[in-house]
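Use these hints to put chain B onto chain A, whose structure you have.
Protein chains: 2
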Amino acid sequence: MRAGIIGTGLIGRGWATAFARAGWSVSLWDHAPGAAALALSSVKMALDDMASVGLVADPSAAAARIRVSDTLPDALQDTDYVQESVPEDAEIKRGVFELLDRYAPAGVPIGSSSSSIVGSRFLSEIPGRDRCIVAHPANPPHLMPVVEVAPSLWHDEAFVAEVCGLLASIGQVPVVVRKEIEGFVMNRLQTAVVNEAVALVARGVIDPADLDAVMKHSLGLRWALMGPFETMDLNAPNGFLDYATRYGHLYQSMGRDLHVGEAWPDDALRTIEDSRRQETPRAEVGERMRWRDRALMRLMSLKDKL
Amino acid sequence: MRAGIIGTGLIGRGWATAFARAGWSVSLWDHAPGAAALALSSVKMALDDMASVGLVADPSAAAARIRVSDTLPDALQDTDYVQESVPEDAEIKRGVFELLDRYAPAGVPIGSSSSSIVGSRFLSEIPGRDRCIVAHPANPPHLMPVVEVAPSLWHDEAFVAEVCGLLASIGQVPVVVRKEIEGFVMNRLQTAVVNEAVALVARGVIDPADLDAVMKHSLGLRWALMGPFETMDLNAPNGFLDYATRYGHLYQSMGRDLHVGEAWPDDALRTIEDSRRQETPRAEVGERMRWRDRALMRLMSLKDKL
Numbered sequence: 001m002r003a004g005i006i007g008t009g010l011i012g013r014g015w016a017t018a019f020a021r022a023g024w025s026v027s028l029w030d031h032a033p034g035a036a037a038l039a040l041s042s043v044k045m046a047l048d049d050m051a052s053v054g055l056v057a058d059p060s061a062a063a064a065r066i067r068v069s070d071t072l073p074d075a076l077q078d079t080d081y082v083q084e085s086v087p088e089d090a091e092i093k094r095g096v097f098e099l100l101d102r103y104a105p106a107g108v109p110i111g112s113s114s115s116s117i118v119g120s121r122f123l124s125e126i127p128g129r130d131r132c133i134v135a136h137p138a139n140p141p142h143l144m145p146v147v148e149v150a151p152s153l154w155h156d157e158a159f160v161a162e163v164c165g166l167l168a169s170i171g172q173v174p175v176v177v178r179k180e181i182e183g184f185v186m187n188r189l190q191t192a193v194v195n196e197a198v199a200l201v202a203r204g205v206i207d208p209a210d211l212d213a214v215m216k217h218s219l220g221l222r223w224a225l226m227g228p229f230e231t232m233d234l235n236a237p238n239g240f241l242d243y244a245t246r247y248g249h250l251y252q253s254m255g256r257d258l259h260v261g262e263a264w265p266d267d268a269l270r271t272i273e274d275s276r277r278q279e280t281p282r283a284e285v286g287e288r289m290r291w292r293d294r295a296l297m298r299l300m301s302l303k304d305k306l
Numbered sequence: 001m002r003a004g005i006i007g008t009g010l011i012g013r014g015w016a017t018a019f020a021r022a023g024w025s026v027s028l029w030d031h032a033p034g035a036a037a038l039a040l041s042s043v044k045m046a047l048d049d050m051a052s053v054g055l056v057a058d059p060s061a062a063a064a065r066i067r068v069s070d071t072l073p074d075a076l077q078d079t080d081y082v083q084e085s086v087p088e089d090a091e092i093k094r095g096v097f098e099l100l101d102r103y104a105p106a107g108v109p110i111g112s113s114s115s116s117i118v119g120s121r122f123l124s125e126i127p128g129r130d131r132c133i134v135a136h137p138a139n140p141p142h143l144m145p146v147v148e149v150a151p152s153l154w155h156d157e158a159f160v161a162e163v164c165g166l167l168a169s170i171g172q173v174p175v176v177v178r179k180e181i182e183g184f185v186m187n188r189l190q191t192a193v194v195n196e197a198v199a200l201v202a203r204g205v206i207d208p209a210d211l212d213a214v215m216k217h218s219l220g221l222r223w224a225l226m227g228p229f230e231t232m233d234l235n236a237p238n239g240f241l242d243y244a245t246r247y248g249h250l251y252q253s254m255g256r257d258l259h260v261g262e263a264w265p266d267d268a269l270r271t272i273e274d275s276r277r278q279e280t281p282r283a284e285v286g287e288r289m290r291w292r293d294r295a296l297m298r299l300m301s302l303k304d305k306l
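Chains as they are written, first to last, in UniProt numbering: chain A, 1 to 306; chain B, 1 to 306.
Fair warning: there could be bad hints in the mix.
Pairs involving identical chains hold if they fit within one copy or between any two copies, as the list cannot separate such chains.
[What the hints assert, rightly or not] Below, a list of computed lysine to aspartate or glutamate pairs in the DMTMM-like style, where the Cα atoms sit at most 25 Å apart:
1. Lys179 with Asp267
2. Lys305 with Asp156
3. Lys44 with Asp293
4. Lys303 with Glu284
5. Lys303 with Asp130
6. Lys44 with Glu284
7. Lys179 with Asp207
8. Lys303 with Asp266
9. Lys305 with Asp293
10. Lys179 with Asp48
What the hints contain is simulated information worked out from the structure, not anything from laboratory work.
Bound conformation, chain A alone (with noise of 0.2 Å):
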């Protein structure tokens, strides 16, 4: 099997490793020239470190089924998926669209990266729609493993259940986003956290590094393991109902009074940024996002054994 990596940035990479450990041959392409190729020594890495943690057997095998291509045309050639991930720009996806659904070998489906923009402003009017569909990964996507499926109204099930076992069939967890939505599911859970965050630091009511910490010591811990609601189910003697009759009419006065629909006061980023070069000097945040990585490699492989 060959997936097709359209757009070599983080998402791509990421994609390319998840694609390249899964056993598939992978072409990589990129607008920009030599992008594509400094990508592959960058899934390179990535392949060694979870080798490392044993996530993956072989990892100069999986590197040598990855190739680069130096056009469109040759990256798709022979693919099973293809997967774009350039820019988060309607106009932008739509123009790469046109092309990928021209020289991508009939029948294949082809994903997009898409983080926030729903699939009806960009593949409405792609000749072959049908096979052209949201499958937004998280960031990156070989170390978190969900991808939001987003149908839109043209999509039958029967290609939404194919992309899903694809993706599945690969190590991946996809899930089905049944309506068109701005932000999926992913980014609008994301979202209410980080603003209601921003929101208290702007009020004075914490510093961000104990924000951080309360995210990182506590709900944090438990959601790496469980959804919410799995987590309310076992919090209360007779699981999610009893759960909701305890103390929903708790969260709905709380929900009430969140700010997540504020506007970002300057003040309260500047506070945030200057508490986060405290924490992590800017030398030194490459190492950090180097201990990250590698910290999720060995969270992941925790949960294969859990």
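Just chain B now, with coordinates in the frame of chain A:
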């Protein structure tokens, strides 16, 4: 050092485990006859479980430091810190704090596990209110170490620092919530996620099990390692402010579209309950709760190593 644990439900037991693990002696007292003795056996199991992943060196010695008290004054004798974990009801807490303040040794701080009621609603008329303060843990406290220390207007900085220092000395992670606000910080962030999640199910956007999958296979993985601000800081080339400039408009547009202030529709709650029972039948819930606690221990142990 001795901690007096007042109220021995899930939260009180977790506090007892955390103090005993840190080498403290612990006195347990509960209003209901026999409850504290029952709690002790549960704490012993938790200490054994933690020992099995290397989080407690000598669980028998830790357990031997815990005693069950038949009377409240006995439980408070010779304590260096007292933690109240009685039901979430301002009247009940006020009554208990009158007794705690009367019988606890002079100068000993008394923390309240209040999870949403602000301190001024039940502490302002306690004679020794200067030493009584909200210290809200996550649930369970011994597996999720954050404690929200939430002073009221009458508390001075030195006392807040003393309580934070004491909690940090037993391995918890104290954060200061500087203003009295409903739900403090942790439960506001949780509410933001839960309310949006319920609304998305209510609108038919996503199935409950898939919503949980989005959290545990993407956002939750990262949030177990770093909070939302550090996440953003590491996701743009030039840090948090750069991220805010690039993506702030998306968060603010999405934020205005969130449904966190809406009531929970009954049919959505029923859909979620049905989904939970499909995923985890009633008979398997107890086993799943033990899985969760053991998984949290493994995660805690991994984070210690990272």
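Requested in this report: Would you pick out the hints that fail for this structure and give their numbers low to high?
Outcome: 2, 5, 8, 10
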